[in-house]
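Participant: Line by line, the protein sequences give chains P and Z. Per the working numbering, residue 434 is the first one in the first sequence, and the count goes up by one each step. Per the working numbering, residue 434 is the first one in the second sequence, and the count goes up by one each step.
It should be emphasised that the hints constitute simulated quantities derived from the structure, not laboratory data.
If chains are identical, the list can't say which one is meant, so a pair holds when it fits in one copy or spans any two.
Computed list of lysine-lysine pairs in BS3-like fashion (alpha-carbon distance at most 27 Å, straight line):
hint, residue 1, residue 2
1, K545, K512
2, K521, K511
3, K502, K545
4, K545, K458
5, K545, K521
6, K511, K545
7, K537, K511
8, K502, K521
These are the residues of each chain, in order.
Number of protein chains: 2
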Amino acid sequence: MENKKLNCLSNLPEPPYYVVVFASKLATENTGYAQAAQRMMELAVKQEGFLGVDSVREGNAGITVSYWKDESSILNWKKQQEHMLAQKAGRSQWYDEYSLHVAKVERSYNFKRDI
Amino acid sequence: MENKKLNCLSNLPEPPYYVVVFASKLATENTGYAQAAQRMMELAVKQEGFLGVDSVREGNAGITVSYWKDESSILNWKKQQEHMLAQKAGRSQWYDEYSLHVAKVERSYNFKRDI
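Bound-form chain P, shown alone (with noise of 0.2 Å):
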């Protein structure tokens, strides 16, 4: 299986830049969570400071790397109006349980096969 959300394999620029890890353990019930996961990816893409995403589901359990210039992308990125709406229903709807780190990236390697 293909998975097209995992993109940064070698897109990124040299470090230094930041990375956002979020990790999740989605609620059993978690009515309209994939839209607005599709909807904050659309958003995400287009900030100001965006580098990239990879994002993987394994069952209940998911992982969203995400990729930015610095920290104040991140910053605006966080209160962004919309984004700022989900993340209040991913605490009261849609998670049991999530945690996120915010690090700053000193250095990172890339491999490719020669097909």
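Following the hints, position chain Z against chain P.
Facilitator: Relative to the frame of chain P, chain Z by itself:
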């Protein structure tokens, strides 16, 4: 489906600590990968400075985020003998593509639903 490998949602220390983000696409032919991945997980948890790991797989795409006390812990793991052999096999056999980001966590948030 419960993912036993998503286990660090609330068991990490206060920042700063380090994350290693490993995003990968497996080759179609990847004999031996699953067993090696499990073995690496067993070895990693024994490493000095290892804090935890979140790992999710969706078809050929995977994201593994490991958490470490400091950079030297990451370098020691990188140089661990059996791990070096696995890295070599990863490039020669298992992965079509991967990216790895080493980053210093500056802030972190956790959420857990009250039940």
